[in-house]
Amino acid sequence: MTDMTAPFDGRRWHDMGGDIAGPIPDASHDFALWEKRVDALMIICSSKGHFTVDGLRRVLEDMPPSSFEEMSYYERWIASITQNLIEDGVFTTSELGQRITDVKQRGTTYGEAADA
Amino acid sequence: MPELVRVRADMPPGHVRTPAYLRGKCGLIERTLGPFYNPEQLAYGVKADALPLHRVRFTMAEVWGDQAEIPTDTIEAEIYAHWLEPA
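Those protein sequence lines, which keep their order, are chains X and P.
Residues 19 to 134 in our numbering are what the first sequence lists, from first letter to last.
Residues 1361 to 1447 in our numbering are what the second sequence lists, from first letter to last.
One thing to keep in mind: the hints can contain errors.
[What the hints assert, rightly or not] Derived EDC-like pairs: lysine to aspartate or glutamate, alpha-carbon spacing no greater than 20 Å straight-line: (1) P:K1385 x P:D1426; (2) P:K1407 x P:E1445; (3) P:K1385 x X:D33; (4) P:K1385 x X:E105; (5) P:K1385 x P:E1422; (6) P:K1385 x X:E93; (7) X:K66 x X:D27; (8) P:K1385 x P:D1409; (9) P:K1407 x X:D106; (10) P:K1407 x X:E105; (11) P:K1407 x P:E1363; (12) X:K54 x X:E105.
No lab work stands behind these hints, which were simulated from the structure alone.
Model, not experiment: these values are computed from the prediction.
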């Protein structure tokens, strides 16, 4: 962990090389459908030229350290993809907000929420 | 004769691809790769320069000083040309 009591030397919190890391978790897990879709979305965004993995990383790194405790891996990814798509002008925050409200009203399961 | 270089010790904000623990450290260029587009520009969606990417070999003694477990062990990192200067 970053020593928050030390004077700020410019090193950003995500730049962890050399820090004490502790044991490496070796448990594996399957991915949920939505997580696979987020991964696929990143590939589509990159192949269509909207932004690159560098933009993905930039927004992940700009998140506060607490996001790594509070959000899962793909939750952070979809937040970053969303911000990059807004920055590239693919949709506006207003359009996104309205769409999320519309989809929520369809229901909570994949089947209910899917486009008719 | 491999070229001795020093990693710039800059600490800019923003998206940077040079690990902080190597900044200010000296190493030998092991090979040169690329050119590749500068990810520090790509990250902001601006036009990116194509830069050489150097694989630099550092000794653990150089990187970690007295804390190095095996001072003669080496670590290699790929660092874009604009981060390197002659040592």
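Results of checking the hints against the structure:
Proximity of P:K1385 to P:D1426 is assessed by CA-CA distance (about 14 Å); at most 20 Å being required, the pair is judged to hold. The hinted pair formed by P:K1407 and P:E1445 fails the criterion: a straight-line CA distance of about 24 Å is larger than 20 Å. Distance restraint check for P:K1385 and X:D33: the Cα-Cα separation of roughly 16 Å lies within the 20 Å cut-off, and the hinted pair is therefore satisfied. Taken as a hint, the P:K1385 and X:E105 pair is broken in the structure, with Cα atoms around 36 Å apart against an allowance of 20 Å.
Restraint check for P:K1385 and P:E1422: satisfied, since their Cα atoms lie roughly 7 Å apart, inside the 20 Å limit. Annotation: proposed proximity of P:K1385 to X:E93 is violated, straight-line Cα distance about 36 Å (limit 20 Å). Restraint check for X:K66 and X:D27: the C-alpha separation of about 38 Å exceeds 20 Å, so the hint is violated. For a cut-off of 20 Å, the pair hint linking P:K1385 to P:D1409 is broken: about 25 Å separates their Cα positions.
Under the criterion of a C-alpha separation no larger than 20 Å, the hint pairing P:K1407 with X:D106 is consistent with the structure, at around 14 Å. Of the supplied pair hints, the one linking P:K1407 and X:E105 holds, its CA atoms being roughly 15 Å apart against a limit of 20 Å. Between P:K1407 and P:E1363 the alpha-carbon distance is near 30 Å, which puts this suggested pair outside the 20 Å criterion. As the CA atoms of X:K54 and X:E105 are separated by approximately 23 Å, the hinted pair breaks the 20 Å bound.
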